[in-house]
Amino acid sequence: MNPATVQELIWAGVLVALAAFWPMMSNGYWLGIGVDVMMYTALATSWMLFSGPTHYISLASAAFFGVGGFVVGSGMSDYDASFWSMLALSAVIGGVLAALIGLATLRLSGVYFVIFTLGLAEMIRNLVSWVQNNFLGSRGLYVLTEFTDAHLYWMLLLTAGCVYLLGWIISRSRLGFALRIIGGDETVARHVGINTAMAKVILFTTTGVFGAIVGAIIAPRWSYIEPNQVFSPQLSFFVVIMALLGGSGRLWGPVVGVIPFLLIWNWVDSNFPNQSILVLGVAFLVIVYFLPHGFVGRIEQLRARARGR
Amino acid sequence: MYRRSLFGLAAALAVAGTSLFAQDMIKIGAIAPKTGPLAGGAVVTQWPNVRLWVEEVNARGGLDVGGEMKMLELIEYDDKTNPGEHIKLAQRLATQDKVDFVVAPYGTGFNIATAPIYGKFGYPMIAVSAITDKMEELTTRYPNLFFTLGTTTAFVDGVKEILIEQRDAGEIGNEIAMVNVADAFGIELADRARELFGEAGFDIVYDKSYPLGTPDLSPVMKGAKESGAKAFVAWSYPPDSFGLAEQAIIEDLDVKLYYSAVATSFPAFKGAYGNKINNVLGAGGTNVDNPAIAAYRKAHMDITGKVADYWASANTYASLQILEQAIVGAATLDREVVTQYIKDNSFETVMGELSFTNNFSNTFWSVGQWQDGVFRGVKGSNVIGAVPVRAKTGWSD
Chain A
0 MNPATVQELI WAGVLVALAA FWPMMSNGYW LGIGVDVMMY TALATSWMLF SGPTHYISLA
60 SAAFFGVGGF VVGSGMSDYD ASFWSMLALS AVIGGVLAAL IGLATLRLSG VYFVIFTLGL
120 AEMIRNLVSW VQNNFLGSRG LYVLTEFTDA HLYWMLLLTA GCVYLLGWII SRSRLGFALR
180 IIGGDETVAR HVGINTAMAK VILFTTTGVF GAIVGAIIAP RWSYIEPNQV FSPQLSFFVV
240 IMALLGGSGR LWGPVVGVIP FLLIWNWVDS NFPNQSILVL GVAFLVIVYF LPHGFVGRIE
300 QLRARARGR
Chain B
0 MYRRSLFGLA AALAVAGTSL FAQDMIKIGA IAPKTGPLAG GAVVTQWPNV RLWVEEVNAR
60 GGLDVGGEMK MLELIEYDDK TNPGEHIKLA QRLATQDKVD FVVAPYGTGF NIATAPIYGK
120 FGYPMIAVSA ITDKMEELTT RYPNLFFTLG TTTAFVDGVK EILIEQRDAG EIGNEIAMVN
180 VADAFGIELA DRARELFGEA GFDIVYDKSY PLGTPDLSPV MKGAKESGAK AFVAWSYPPD
240 SFGLAEQAII EDLDVKLYYS AVATSFPAFK GAYGNKINNV LGAGGTNVDN PAIAAYRKAH
300 MDITGKVADY WASANTYASL QILEQAIVGA ATLDREVVTQ YIKDNSFETV MGELSFTNNF
360 SNTFWSVGQW QDGVFRGVKG SNVIGAVPVR AKTGWSD
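Residue numbers (numbering that gives the first Met the number 0), protein chains in the order written: chain A, 0 to 308; chain B, 0 to 396.
Isolated chain A, as found in the complex:
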């Protein structure tokens, strides 16, 4: 992953500003898709912060997303807390959780890390259910607010913007440089004196924080939180596929992956309802065979070719 340029940041700012008008131009179905696009953009970009430079494939998105939804649900229905305080709390809990997990597991590498993160969401779901059952008790986790899809869309857009900005800053910092070296060769990174564990934990923590924030923002949309739904493993796979489809070389990669993927997904879903899972598989094949570096890689390749001419 190369450091992001100032030009990129300006473009991103313009895009965010334009995207903010979407709820005024659409409603109903297309606004709903817009919410999905923003949700996955935020999740995939924050996934990219960590997995892009380090090449650690994390399937833990659902774990943090679920924690965010659950904290909001539990806080608002059991303790009459406000949405905003719970949003803040979920960010803290998501961060702490990610840091603890990072400290314990980032020494794992390759497939061991992937498998561990896949099990993580399931483990946390059970843990959360156990805590709720034995200590909290519940009359159902209701998240009743006055938010409309437009409000949620803007909140998610803001979150996605923040993730991008943070990623931009990191990629230009010493930390970003260190991460790129880790991604290139971790042994070399250690030998040149980089505290690889610390760098990885910091990045993994930011992923956790943003995952939980997105989960918290989506909670009012679902209104009623059930652990087995917010901790759905499908979400983790979606995030990874969209990020890889976009390409992990650039911070803006996920955006170009999320939009086409969701459009195709929804089109297939409404026309060939029983075949929608097929889209996942096809996307995987396309990535492996045709777009190993995602759309981003292909775009840059074409650009380089155009320049060479």
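Derived by calculation from the structure, the hints in this document are not laboratory data. A couple of the hints might just be wrong.
[Unchecked claim] Computed cross-link-like contacts, EDC-like style, restricted to lysine to aspartate or glutamate with a CA-CA straight-line distance of at most 16 angstroms:
hint: 1; chain 1: B; residue 1: Lys133; chain 2: A; residue 2: Asp77
hint: 2; chain 1: B; residue 1: Lys26; chain 2: B; residue 2: Glu323
hint: 3; chain 1: B; residue 1: Lys133; chain 2: A; residue 2: Asp79
[Unchecked claim] Among chain A residues calculated to face chain B with C-beta under 8 angstroms, some are:
hint: 4; residue: Trp21
hint: 5; residue: Met24
hint: 6; residue: Gly27
hint: 7; residue: Gly31
hint: 8; residue: Ile32
hint: 9; residue: Asp35
hint: 10; residue: Thr104
hint: 11; residue: Met122
hint: 12; residue: Asn125
hint: 13; residue: Ser128
hint: 14; residue: Trp129
hint: 15; residue: Gln131
hint: 16; residue: Tyr141
hint: 17; residue: Ser222
hint: 18; residue: Glu225
hint: 19; residue: Ser231
Even glycine gets a Cβ: it sits at the ideal position worked out from N, Cα and C.
Position chain B against the provided structure of chain A, taking the given hints into account.
Leaving out everything else, chain B in the frame of chain A:
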């Protein structure tokens, strides 16, 4: 998910020989799980009734809306047991397909999650498979949402009444073994039960939860057996209601009262365990001797090829009858007028005469019991035909 049922249209074309245009149809949207964790329940309780209703109405020539007969066109989607997906599809129904009315979703969470969306477009939602204690707050917030299957408290109350009766009859003592699935609904019911059973002087000597989807319920049942309680209550979901019964049979659980919540009323429950589960209590119930119910169950079997379940199937069909009668009664497809009509009138359904007070219909079964191959209602609210509870006597055929 996306299938337009046009059999009615075809029939009408054959008979009348006239062409029907889209505006002569009433578009009905239905979204419920066909895949995912709740699909097992929805394909038993929800989907067959939607099809049965559409087919019956169209076979009658459609609905009389202000003197004009209109056929039903069904547009159905699978929400994959995912609330986000359901919300998106609901928006699609309203803004792309432009359906006239909707069938309320399957599952408590789904009805609550979609109430704002359906409310925004003015659809009346006559929820069936949704049980909550927050009814008042929810219906105030979403005046288009109607509840027909009872409250959490009513469900626990039904079980409590039976426990008290059986204690008075000397069948059971004060000790209860209680287990619950550690998921939203199970936790909620267990929480309420601890309060209500405690108030009634019962002692929950064994109180255990297990995670959703646990494959091995043997330790749970062994613990219940060791507790020595003569009453066993499980606030369970479909997969574990079956798993618990299986373990109870294996362990030969020595109780006089055995209750498991959701799915005990499914025909498949008896299909799996035959007469071993005779006198098992469960959530729901129905009165098969009622001629209206008997006729409904026969039509269900004839048209869908499936046995109706002994609980919410009839309520689901009744909710569609309410919608049908409200459209005909209001003589318009104007959703606001139809919603108001539902609030102001009473309806003749398979569940008897139903009406709403503060959007809540207080006619439902809460507890039923397998008695000689039929799951009969034993406790309920404003229902006729409750039979006396029998004590459980062993697990042999």
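Results for each hint:
{"no.": "1", "hint": "Lys133/B - Asp77/A", "result": "holds (13 angstroms)"}
{"no.": "2", "hint": "Lys26/B - Glu323/B", "result": "holds (12 angstroms)"}
{"no.": "3", "hint": "Lys133/B - Asp79/A", "result": "holds (14 angstroms)"}
{"no.": "4", "hint": "Trp21", "result": "violated (14 angstroms)"}
{"no.": "5", "hint": "Met24", "result": "violated (14 angstroms)"}
{"no.": "6", "hint": "Gly27", "result": "holds (3 angstroms)"}
{"no.": "7", "hint": "Gly31", "result": "holds (4 angstroms)"}
{"no.": "8", "hint": "Ile32", "result": "holds (7 angstroms)"}
{"no.": "9", "hint": "Asp35", "result": "holds (7 angstroms)"}
{"no.": "10", "hint": "Thr104", "result": "violated (22 angstroms)"}
{"no.": "11", "hint": "Met122", "result": "violated (11 angstroms)"}
{"no.": "12", "hint": "Asn125", "result": "holds (5 angstroms)"}
{"no.": "13", "hint": "Ser128", "result": "holds (4 angstroms)"}
{"no.": "14", "hint": "Trp129", "result": "holds (6 angstroms)"}
{"no.": "15", "hint": "Gln131", "result": "holds (6 angstroms)"}
{"no.": "16", "hint": "Tyr141", "result": "holds (6 angstroms)"}
{"no.": "17", "hint": "Ser222", "result": "holds (4 angstroms)"}
{"no.": "18", "hint": "Glu225", "result": "holds (5 angstroms)"}
{"no.": "19", "hint": "Ser231", "result": "holds (7 angstroms)"}
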